[in-house]
Amino acid sequence: MFDFKSAAQRQRSLFRLRVWLAVLAVVAAFSLLGARLWVLQVQDHEGLLSRADSNRTAVLPLPPRRGDITDRNGEVLARNYLAYTLDVVPAEMGEPDLLLAQLSQVVFLSDYQKKRFRRQLAQAGRFTQVPLRNDLTDTEAAYFAAQSFRFPGVSLKARWVRQYPQGQVAAHVVGYVGRISEDDVKKLDAENALGNYRGTDIIGKKGIEKSWQEVLHGTTGIESVEVTARGQPMRSLHRIDPVPGENLVLSIDMDLQRLAEEAFAGRRGALVAIDPRNGEVLAFVSQPSFDPNLFVDGIDHESWRELNESEDFPLVNRPVYGTYPIGSTYKPFVALAALASGKRQVDTRIYDPGYFELGKTRFRNAGSAAYGNVDLHKSLVVSSDTYYYSLANELTIDSLYDFMKPFGFGQKTGIDLDTERQGVLPSTDWKKKAFKNKEQQRWYPGETVSVLIGQGYSAFTIMQLAQATSVLANGGDYFTPHLVKAIQYPATGTQRLTQAGPTHRLNLDPEHVRAVTAALEEVTITGTARRAFKDVAYPVAGKTGTAQLFNLKGSKYKKEDVDERLRDHSLFMGFAPSKAPTIALAILVENAGWGSEIAAPIAREVMDAWVLRDRTPQAKSSPP
Amino acid sequence: MISLFNLLLRGVRAIDWPLFLIAALLCAMGLLVLQSAVGGTDWRFADQSRYFVFAFVVMWAVAIIPPTWLARIAPLVYGVALALLIGVMFFGETSKGATRWLDLGIARIQPSEIMKIALPLLLAWYFQRREQRLMAFDFVLAFVMVAIPFFLIVSQPDLGTALLVGVSGLAALYFAGLSFKLVVPAVVLVLAGVGTVLVFEDSLCAPQTDWVVLHEYQKGRVCTLLDPTTDPLGKGFHTIQSTIAVGSGGLYGQGYMSGTQTQLDFVPERTTDFIFAVFAEEFGLYGALTLLVLFALLIIRGLVIASRATDTFGRVLAASLSVVFFVYVFVNVGMVIGLLPVVGVPLPFFSYGGTALMTLAVAVGMLMSVSRHQSAVDTR
Numbered sequence: 220m221f222d223f224k225s226a227a228q229r230q231r232s233l234f235r236l237r238v239w240l241a242v243l244a245v246v247a248a249f250s251l252l253g254a255r256l257w258v259l260q261v262q263d264h265e266g267l268l269s270r271a272d273s274n275r276t277a278v279l280p281l282p283p284r285r286g287d288i289t290d291r292n293g294e295v296l297a298r299n300y301l302a303y304t305l306d307v308v309p310a311e312m313g314e315p316d317l318l319l320a321q322l323s324q325v326v327f328l329s330d331y332q333k334k335r336f337r338r339q340l341a342q343a344g345r346f347t348q349v350p351l352r353n354d355l356t357d358t359e360a361a362y363f364a365a366q367s368f369r370f371p372g373v374s375l376k377a378r379w380v381r382q383y384p385q386g387q388v389a390a391h392v393v394g395y396v397g398r399i400s401e402d403d404v405k406k407l408d409a410e411n412a413l414g415n416y417r418g419t420d421i422i423g424k425k426g427i428e429k430s431w432q433e434v435l436h437g438t439t440g441i442e443s444v445e446v447t448a449r450g451q452p453m454r455s456l457h458r459i460d461p462v463p464g465e466n467l468v469l470s471i472d473m474d475l476q477r478l479a480e481e482a483f484a485g486r487r488g489a490l491v492a493i494d495p496r497n498g499e500v501l502a503f504v505s506q507p508s509f510d511p512n513l514f515v516d517g518i519d520h521e522s523w524r525e526l527n528e529s530e531d532f533p534l535v536n537r538p539v540y541g542t543y544p545i546g547s548t549y550k551p552f553v554a555l556a557a558l559a560s561g562k563r564q565v566d567t568r569i570y571d572p573g574y575f576e577l578g579k580t581r582f583r584n585a586g587s588a589a590y591g592n593v594d595l596h597k598s599l600v601v602s603s604d605t606y607y608y609s610l611a612n613e614l615t616i617d618s619l620y621d622f623m624k625p626f627g628f629g630q631k632t633g634i635d636l637d638t639e640r641q642g643v644l645p646s647t648d649w650k651k652k653a654f655k656n657k658e659q660q661r662w663y664p665g666e667t668v669s670v671l672i673g674q675g676y677s678a679f680t681i682m683q684l685a686q687a688t689s690v691l692a693n694g695g696d697y698f699t700p701h702l703v704k705a706i707q708y709p710a711t712g713t714q715r716l717t718q719a720g721p722t723h724r725l726n727l728d729p730e731h732v733r734a735v736t737a738a739l740e741e742v743t744i745t746g747t748a749r750r751a752f753k754d755v756a757y758p759v760a761g762k763t764g765t766a767q768l769f770n771l772k773g774s775k776y777k778k779e780d781v782d783e784r785l786r787d788h789s790l791f792m793g794f795a796p797s798k799a800p801t802i803a804l805a806i807l808v809e810n811a812g813w814g815s816e817i818a819a820p821i822a823r824e825v826m827d828a829w830v831l832r833d834r835t836p837q838a839k840s841s842p843p
Numbered sequence: 002m003i004s005l006f007n008l009l010l011r012g013v014r015a016i017d018w019p020l021f022l023i024a025a026l027l028c029a030m031g032l033l034v035l036q037s038a039v040g041g042t043d044w045r046f047a048d049q050s051r052y053f054v055f056a057f058v059v060m061w062a063v064a065i066i067p068p069t070w071l072a073r074i075a076p077l078v079y080g081v082a083l084a085l086l087i088g089v090m091f092f093g094e095t096s097k098g099a100t101r102w103l104d105l106g107i108a109r110i111q112p113s114e115i116m117k118i119a120l121p122l123l124l125a126w127y128f129q130r131r132e133q134r135l136m137a138f139d140f141v142l143a144f145v146m147v148a149i150p151f152f153l154i155v156s157q158p159d160l161g162t163a164l165l166v167g168v169s170g171l172a173a174l175y176f177a178g179l180s181f182k183l184v185v186p187a188v189v190l191v192l193a194g195v196g197t198v199l200v201f202e203d204s205l206c207a208p209q210t211d212w213v214v215l216h217e218y219q220k221g222r223v224c225t226l227l228d229p230t231t232d233p234l235g236k237g238f239h240t241i242q243s244t245i246a247v248g249s250g251g252l253y254g255q256g257y258m259s260g261t262q263t264q265l266d267f268v269p270e271r272t273t274d275f276i277f278a279v280f281a282e283e284f285g286l287y288g289a290l291t292l293l294v295l296f297a298l299l300i301i302r303g304l305v306i307a308s309r310a311t312d313t314f315g316r317v318l319a320a321s322l323s324v325v326f327f328v329y330v331f332v333n334v335g336m337v338i339g340l341l342p343v344v345g346v347p348l349p350f351f352s353y354g355g356t357a358l359m360t361l362a363v364a365v366g367m368l369m370s371v372s373r374h375q376s377a378v379d380t381r
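So the protein lines, in turn, are chains A and B.
Residues 220 to 843 (my numbering) are what the first sequence spells out, left to right.
Residues 2 to 381 (my numbering) are what the second sequence spells out, left to right.
For the record, the hints were derived by calculation from the structure and aren't laboratory data.
Check the hints yourself; a few may be wrong.
Unchecked claim - Some chain B residues judged to face chain A by a derived CB distance under 8 Å, without partners named:
{"hint": "1", "residue": "G80"}
{"hint": "2", "residue": "L83"}
{"hint": "3", "residue": "L293"}
{"hint": "4", "residue": "A307"}
{"hint": "5", "residue": "A320"}
Computed from a predicted structure; not experimentally measured.
Every residue, glycine too, gets a C-beta built ideally from N, C-alpha and C.
Based on the sequences and whatever the hints tell you, model everything.
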């Protein structure tokens with residue numbers, strides 16, 4: 220008993236010691252605070268007081284003007300215009316409910332705007348400007364100006380607002396800006412760039428507007444102003460001018476872009492046209508499209524739901540985000556792989572009875588047509604599946620992977636856009652990572668058969684197909700595809716180009732390229748694309764394709780239109796003029812059936828427009 | 002009738018009057034300053050008054066609960082808090098760049114707030130259970146209990162709250178009897194580290210210096226503290242303006258509602274994290290020191306309660322809750338007067354906001370619970 224008690228007492232006195240030490244630490248720490256307070260409030264008091272007095276000088280951010288975006292000929296895709304806005308100073312406005320009630324009799328205020336205003340009011344300082352309404356019409360502005368005496372604290376201002384004059388055309392290229400969100404703030408804060416966004420309320424959200432945000436934004440300036448006791452600016456003391464954002468000149472040709480989009484005639488799909496001589500993207504189509512102007516001031520609920528829930532996925536950037544099996548348009552590249560491997564010569568003949576047998580499985584040609592003896596040339600012209608199936612015994616999936624990877628298949632092309640997806644270039648390694656089940660991790664020879672005709676696990680973006688076509692067209696130079704051709708300094712108008720030479724060069728045998736090109740030319744003369752390219756004025760190399768359906772997303776389709784949406788995708792890849800190509804393109808039209816019927820005619824229209832325009836003397840296609 | 006009277010008596014007895022008076026005084030001062038910070042008329046004043054009433058009820062309710070009950074629910078509270086913290090990681094709502102909130106359908110809660118209470122509670126319970134047979138391993142385990150919520154909160158990111166939770170947890174280890182052989186070197190190491198940063202500021206903040214462990218933005222935050230003028234539009238702005246506000250207060254202050262820094266809107270976040278700047282500008286050094294003394298009294302009263310407690314649970318709980326208060330005040334005031342980086346810790350009883358106030362009310366209530374139930378035993 221005694222022992223226990225003394226132990227408890229010992230423990231208690233030990234604890235008291237620790238508590239006393241803690242008290243000492245608290246006192247010491249608070250003394251430190253007190254000392255610092257003394258330094259500030261007594262020693263530095265005079266200096267800080269005079270700074271507080273001169274703190275009648277407020278430091279105001281001067282937001283920079285955002286750069287414009289134009290196409291290669293100077294046609295505007297994104298610009299700023301001055302719009303009337305209503306700003307409110309909370310300290311002077313009186314009761315917010317009353318203000319909103321009275322003000323909405325003068326100018327229109329939506330519920331959304333009112334709600335946003337209240338939310339911002341809760342976080343704003345009393346002398347800061349809280350935006351209430353953007354983009355007043357001239358009539359509204361005049362009406363308010365006449366009544367403004369009734370609304371102290373509410374001021375009519377002019378402010379730069381982003382505008383996309385092209386509307387739906389090239390919307391997926393240019394993207395859009397929107398209000399800076401909390402996620403944006405987090406990101407900017409992490410980059411320590413938040414200071415540069417003081418005074419700015421928009422930021423690039425999609426497309427070029429997003430991927431070139433920093434260049435477009437510029438640098439925020441600073442102005443020190445003397446303010447009255449009520450916080451009103453009186454005179455400027457010191458000023459560092461903002462550096463306006465730089466203008467972007469796109470490689471897109473808006474005439475070509477418009478023509479291409481119209482050629483889709485309301486069908487869903489993607490098209491990318493590249494200049495194979497330098498990797499400049501000439502047209503970039505994603506259909507259906509949307510109007511980016513909706514997003515500038517925050518999209519309203521209804522429009523957002525309509526866009527977001529549409530079964531046509533207008534917001535999906537198909538050329539870089541949609542991954543598809545590309546069907547027969549893959550064959551020219553497989554043909555090159557076969558030649559490079561030495562397993563096929565240009566004149567090697569394979570007997571095509573309409574099917575290929577691997578073990579006990581029979582792989583049939585599309586439509587079960589039998590073509591007899593087929594060499595490389597004929598295999599592309601008639602699109603014999605069996606010729607390619609037969610490679611399954613000789614080419615391994617990994618050697619195919621090694622050959623295709625430098626073309627950019629299953630790789631991000633590195634185009635200057637957000638949301639680019641990688642897709643899948645199948646290999647044994649890929650399968651090991653993609654599946655958990657041991658059985659599924661193995662690669663089966665039968666799977667190689669489908670991959671050889673661009674089906675099976677293959678999933679590429681149309682951007683990748685266009686890029687590979689461009690590489691084939693120029694004989695092996697890989698230029699990173701890009702949409703921004705030049706950056707222009709707004710002050711001087713001088714431009715600097717974004718890219719010089721090719722990123723890397725593929726080691727392609729010119730003989731092989733010539734053989735494949737010759738066959739692709741024949742495709743447009745007597746082959747599967749002959750109707751689409753009837754009487755064409757210049758030589759064209761191309762290949763049609765049809766891909767079994769592979770949805771963009773697993774969505775629930777309505778029963779009544781299942782049939783239409785289960786149809787195959789129609790594809791075409793090609794370049795022209797085939798002797799010295801100035802355009803290489805890839806196109807996919809969703810659920811449109813045979814490539815020769817829908818995709819090839821659109822490709823023809825685009826090629827005609829570009830190649831023939833190139834030949835007219837007044838064409839201004841060659842850049843400085 | 003008699004039972005009702007007894008209940009009332011128990012209720013009155015449950016209150017630790019010194020603690021209550023200090024807290025009430027701080028609350029009153031807090032409301033006064035908030036009124037000035039919002040510039041006279043604002044809904045926040047009414048809001049905060051309502052919060053105080055509610056907080057008082059919560060405090061009282063917790064004070065009535067005997068410590069033995071508190072000990073019983075400790076592991077459950079910690080477990081729930083931890084689960085919610087993990088929930089935040091996956092389903093949290095992001096606000097102002099940090100993911101701290103969790104929407105439970107009925108209410109939005111901030112699990113890190115619960116953890117401020119739950120961690121001292123759990124550690125107190127744990128050391129009580131292991132009393133008489135404490136081994137080194139117990140401290141290792143307790144350290145892990147501190148480290149898990151700490152890193153979860155750091156990743157939100159919420160450095161301020163993480164610091165609070167971490168320090169109060171380590172304090173619990175100290176009060177539970179962690180060997181001085183470990184405590185002394187740790188304290189020395191921390192002090193030396195801070196000293197090094199201060200002495201070698203220039204070379205450390207040079208752009209080419211790569212801080213191996215920390216992110217670039219964290220480096221930016223520390224360097225902005227050391228020299229706020231490097232980022233006058235960003236984070237440095239807060240520190241510059243708040244130190245000017247404090248300094249311009251002088252000995253006697255500019256007078257209530259007359260601080261130009263405050264009233265002209267130069268002090269950022271002046272109703273929440275930077276409310277101390279408002280107070281120091283308008284009430285001067287005398288006011289500020291008075292406030293510090295009041296807070297010191299609150300903390301010391303908490304520690305006294307701890308030293309009078311008869312069991313390990315009461316001691317560790319009361320002492321580490323007192324440390325929570327200490328860290329709150331020290332970090333907040335240190336941040337406002339430019340001693341510490343801007344981490345976002347509110348000033349207890351002063352900063353506008355209901356959630357933090359509820360945490361404080363529970364903490365004060367628990368201190369009272371330990372205090373009153375102990376003395377009841379003592380007098381018998």
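For each hint, the structure was consulted:
no.	hint	in the structure
1	G80	28 Å, violated
2	L83	24 Å, violated
3	L293	5 Å, holds
4	A307	6 Å, holds
5	A320	6 Å, holds
Violated hints, listed in ascending order, are 1 and 2; each of the other numbered hints is respected by the structure.
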